[in-house]
Amino acid sequence: DRFANPFVAAGLGYIDDVIMPHGTRRRLIRALRTLKGKVQENPWKKHDNIPL
Numbered sequence: 008d009r010f011a012n013p014f015v016a017a018g019l020g021y022i023d024d025v026i027m028p029h030g031t032r033r034r035l036i037r038a039l040r041t042l043k044g045k046v047q048e049n050p051w052k053k054h055d056n057i058p059l
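Residue numbers (this note's numbering): 8 to 59.
Derived from the structure by calculation, the hints contain no laboratory data.
Just so you know, not all the hints are guaranteed correct.
Taking lysine to aspartate or glutamate pairs in the DMTMM-like style, the calculated list, with each CA pair at most 25 Å apart, reads [as the list claims (entries may be wrong)]: (1) LYS43 x ASP23; (2) LYS45 x ASP23; (3) LYS45 x ASP24; (4) LYS43 x ASP24.
Computed beta-carbon distance windows for the label pairs [unchecked claim]: (5) ASP23 x VAL46: 21 to 27 Å; (6) LEU59 x ARG37: 47 to 53 Å; (7) GLY20 x LYS45: 26 to 32 Å; (8) PHE14 x PRO50: 22 to 28 Å; (9) ARG40 x PHE14: 43 to 49 Å; (10) LYS53 x GLY18: 41 to 47 Å; (11) ASN12 x ARG34: 18 to 24 Å; (12) PHE14 x GLU48: 26 to 32 Å; (13) PRO58 x ALA11: 51 to 57 Å; (14) LYS53 x PHE14: 20 to 26 Å; (15) ARG37 x PHE14: 17 to 23 Å.
Since we're looking at a predicted model, the values are computed, not measured.
In this text, a Cβ means the ideal position worked out from N, Cα and C, and glycines have one as well.
Model the full assembly from the supplied sequences, consistent with the hints where possible.
Below, the structure written as structure tokens:
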């Protein structure tokens with residue numbers, strides 16, 4: 008009952024943002040376009056597990 012309203016939870020800092028239903032597609036497309044060119048470089052693996 009305390010967080011039945013998403014704006015109350017956002018005001019208290021429990022969630023970052025409230026996305027309205029009419030803006031969901033636009034926000035999702037923007038997030039996917041942002042991640043499209045992301046290159047993730049993992050550090051070189053220094054030690055390996057040797058099966059015994």
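Results for each hint:
no. : hint                      : in the structure
1   : LYS43 x ASP23             : holds (22 Å)
2   : LYS45 x ASP23             : holds (22 Å)
3   : LYS45 x ASP24             : holds (23 Å)
4   : LYS43 x ASP24             : holds (22 Å)
5   : ASP23 x VAL46: 21 to 27 Å : holds (25 Å)
6   : LEU59 x ARG37: 47 to 53 Å : holds (49 Å)
7   : GLY20 x LYS45: 26 to 32 Å : holds (27 Å)
8   : PHE14 x PRO50: 22 to 28 Å : violated (41 Å)
9   : ARG40 x PHE14: 43 to 49 Å : violated (27 Å)
10  : LYS53 x GLY18: 41 to 47 Å : holds (46 Å)
11  : ASN12 x ARG34: 18 to 24 Å : holds (20 Å)
12  : PHE14 x GLU48: 26 to 32 Å : violated (39 Å)
13  : PRO58 x ALA11: 51 to 57 Å : holds (53 Å)
14  : LYS53 x PHE14: 20 to 26 Å : violated (48 Å)
15  : ARG37 x PHE14: 17 to 23 Å : holds (22 Å)
The structure does not agree with the numbered hints 8, 9, 12 and 14 stated previously, though it agrees with the rest.
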